[in-house]
Amino acid sequence: MIPLAPFLVVSAALVAIGVFGALTRRSALGILMSIELIINAAALNLVAFSQHIRTSDAESTAGQMFALFAMAIAAAAAAVGLSIVICIYRNSKTVNVDKIDLMRW
Amino acid sequence: MDFLPALIPVLPLLAFAVIITNGRRLGWSACLVAVGASLTSAVLAALVYSRVLLSHETLAWSFEWVRWGETALRMGVRIDGLGALMLFMVTVVGTLIEIYAIGYMAGDKTFSRFFAFVSLFMAGMLGLVVADNLLLLFVSWEIMGLCSYFLIGFYFHRPSAAAAGIKAFITTRIGDVGLLIGMILLWWTAGTLRFDELLLAVPALAGLGDAHVDLMLTAAALLIFVGTIGKSAQFPLHVWLPDAMEGPTPVSALIHAATMVAAGVFLVARSFILFAQFPAALTVVAWVGGFTALFAALIALTQNDIKRVLAYSTLSQLGYMVMALGLGAYAAGMFHLITHAFFKALLFMGAGAVIHGFHHVQDMRRMGGLWGKMPWTAWTFLVATLAISGIPPLSGFWSKDEILLGAFHESPVLWVAGTFTAFLTAFYMFRLFFMTFTGRQRDGEIHAHESPAVMILPLVVLAVGAALLGIPGSPWMGLWVQHSLDVPAYALAHHHHSNLVMGLSIAVAVAGIALAWLMYAPRPTIQPARVARAMGRLYTLSLNKFHIDEIYAALIINPTRALARGSFRFDLGLIDGAVNGMGWLQRALASLKGLFDKWVVDGIVNLLATIVQALSAVFGLIQTGRVHNYLLLASLGALVIACLTWWNMG
Amino acid sequence: MTEPASLLAWIAFVCLVAVTVGSAVLVVTLRNLFHAVLALIASLLGVAGLYLMLLAEFVAAIHVLIYVGAVATLFLFVIMLTVRIDDAALRQSNRQVIPAIALCGAGLALLLAALLAAPWTPVEEIRPPGVQQIGHDMLTTYLLPFEVVSLLLLVALVGAVTLARREDQRT
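Residue numbers (the numbering used here), protein chains in the order written: chain A, 5 to 109; chain B, 615 to 1264; chain C, 448 to 618.
Treat the hints with care, since some could be wrong.
[To be verified] Under the rule of at most 20 angstroms between Cα atoms (straight-line distance), these lysine to any residue pairs were calculated in the SDA-like manner:
| id | chain 1 | residue 1 | chain 2 | residue 2 |
| --- | --- | --- | --- | --- |
| 1 | A | K103 | B | Y1244 |
| 2 | A | K97 | C | F524 |
| 3 | A | K97 | C | M527 |
| 4 | A | K103 | A | I88 |
| 5 | A | K103 | B | T1238 |
| 6 | A | K103 | B | I1236 |
| 7 | A | K97 | C | F481 |
| 8 | A | K103 | B | L1247 |
| 9 | A | K97 | C | A611 |
| 10 | A | K103 | B | L1245 |
| 11 | A | K103 | C | R478 |
No wet-lab data here; the hints were simulated from the structure.
Work out the full structure: start from the sequences and follow the hints.
The structure is reproduced here in structure tokens:
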């Protein structure tokens, strides 16, 4: 069985890539995809820890549970986020967030 | 059933409300509403009268109006024989006058307004009659005062009419204040304003023999009588009534002959228990009445305006009634009130018909010979003139004879004055009649014509009343009317019939008529001008109404005006000066404060604003409004926190 | 004591990591968004493989179902709805690439340093729980979060529909 550390390394790499994407993508869709990557990394971490480190059998499923919940929440976030993207597109005919500076004072 | 009398004043009140709110829409038909309401009231009044007459009971109905602590104030109606008779008289005469006004006021632009005010007036008068307490009576009294102001000043575009309205209002107001103070005194002393309670309370208080209480009650009685003096135009507050002739003639007939002026007399009759207990008050009443009767008759002798003669005659007749009450001849006074209402309303309406037919000329010197041109008016007028002169068997004779009988027994001086007044009355009334209806028309340019049927009909009905109404009150009929009044025991004065009094009163009436015939017949044997010259100053005094108006002007009105002018100057010079000075000072201070505000306060505020603006220019650079920049900074922050955490842990 | 991983397992692991991380890099760098979504799918499948390597086959299956079956499809639809053809050729990254690389590099270094320095003490024997165990726990121990998540999904559904509805359809 593959030990814990390699999974953690992969997970860290995914988080870094996700953050990079979120910071650099011009399109709101790209940002959402990057966020999905970050959530995936977190879920992967949870499952890896759950399988390798546990104090009792009673909590043996905890990590997988949280991974499942994270997926559900990620799906919800994706749905709402994509709806917002559609709204933005309808209002300003673009999904490029650097064209949208309504938050500027 | 017992509240039926309460309905009687409500009906005209409703008519008033309907007409005043829908006047424009109703137009001519406003008179139908008014007459309908009055007629219904008259029918109701007849019902009430017959009931009271048959059963000799007092209809009373009341409800609790306000209560504070143990004291409750009740409002309601109370109809005894006197009230029922008054109700009947007021509604019948009022209805006839309204019918007459349909003809008289025809074509007037304010036709509906006239009927609205007449209806309100009727409501006030009827409310006064049915009231079972002085407070409701006072309210109705004031409604009438207000209406008389409206109606006297009905042609308000004429300055003289407006002035007459104001004069009437202010003069009667003096009496009203007296009445109000009297009421307060009475409440204070007797603790009630309800007539039936006063009937018990006043004799009980008088029986105490407490000088202070007696003084208070006498004062209350006299103050209430001041109200009567104002409303019934007794000397010295009589000056408004002749001027009130500025109003339309139906108003003169309704208000200034038949009803409103009678309210004062009615007030004394209603609160008679007070007067009966205190002879001093009664004496004052008698003398004021007697003096007014004689005084007004003297003025009436020389007046040339047909309505003014009638106005002074009204004063004189009211004086008779007040004198009768003062002499304790309660029933006689009220009987005269009823008969007078009929014949005086008839006289005024006849005069109105003359004026109407004579193109609104009121000067008798231009009239004459109208007998042939207006036969109906002339005949009915003759009936009324004979009635007021005291020729049997017409109504005026009986009631006046009763009063003179009372005077004969109580006060010979007043009896002489009253008899002399009767002589004068016969003289000036026939002077008026001869000058108006007989001989030739002195002003040939006016084409007189008879009035329309709607005006003649009330004249005829009233003439029948004026002729026959005295019969039920005559000694032949056993003074039936007088007994029907339910004269309270304390006011019962039985005087033996006196042939001397009756004979003398007929004699003076005939003498008066004869003298008038001699002086004003078509071919006079005595020239009036020569008599006037022979009388000299007396004639001038009478012609100028004993200069009462001028005396009032000199004593009260001019000093008041001077005081007002002085106050005005004081106001203008000193108070306005002080106010303006304060204003100037404030302005100077304000400009100083303005400078301070502009340079110091505003300076600080502006400085702060400049600093904030400069800072915001710096920090605004970070606020790009782009999500990416924010995200980058947030990530940086997260990284820094993570570094610090790791650093701490390890 | 758990037996060490076989060579075959290591090869499979390295392949999966290569697919996952490589595709993830493509996701954040490809200009064409459509291609980026395809790369995302590949990366997600790699993660599913990693779950299998962790002996969490249920999570792996659900992961494929949700991400590849639902979320990625949703992305594809939205891209087809919003992105115009001429956008495809545009530069898809903004001007803060250099700071972003620096930041992410620093973050990654920090994470690696931390996790490699940490003294992990793994369990002696890995007895991965079966699907039966997961199902049992989900409806007993984790019932409340389960219900809350289901409610959240419902609300998200309604919210998404409300937001995405056309203006003129609101009457």
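Outcome of the hint check:
For the hint linking A:K103 to B:Y1244, the alpha-carbon distance of about 14 angstroms falls within 20 angstroms, and the restraint holds. A hinted pair counts as satisfied when its Cα atoms are at most 20 angstroms apart, and A:K97 with C:F524 qualifies at roughly 17 angstroms. For the hint linking A:K97 to C:M527, the alpha-carbon distance of about 14 angstroms falls within 20 angstroms, and the restraint holds. This hinted pair checks out: A:K103 and A:I88 have alpha carbons roughly 16 angstroms apart, not beyond 20 angstroms.
Taking the CA atoms of A:K103 and B:T1238, the gap is near 11 angstroms; set against the 20 angstroms cutoff, the hint holds. Straight-line distance between C-alpha atoms of A:K103 and B:I1236 comes to about 17 angstroms, which keeps the hinted pair within the 20 angstroms bound. At most 20 angstroms may separate the alpha-carbon atoms for a hinted pair to count; A:K97 and C:F481 meet this at roughly 19 angstroms. Note on A:K103 and B:L1247: the hinted pairing holds, with a Cα-Cα distance of about 19 angstroms set against a maximum of 20 angstroms.
With a CA separation close to 14 angstroms, the supplied pair A:K97 and C:A611 stays within the 20 angstroms bound. Straight-line distance between C-alpha atoms of A:K103 and B:L1245 comes to about 15 angstroms, which keeps the hinted pair within the 20 angstroms bound. Restraint check for A:K103 and C:R478: satisfied, since their Cα atoms lie roughly 17 angstroms apart, inside the 20 angstroms limit.
In this structure, every one of the numbered hints holds.
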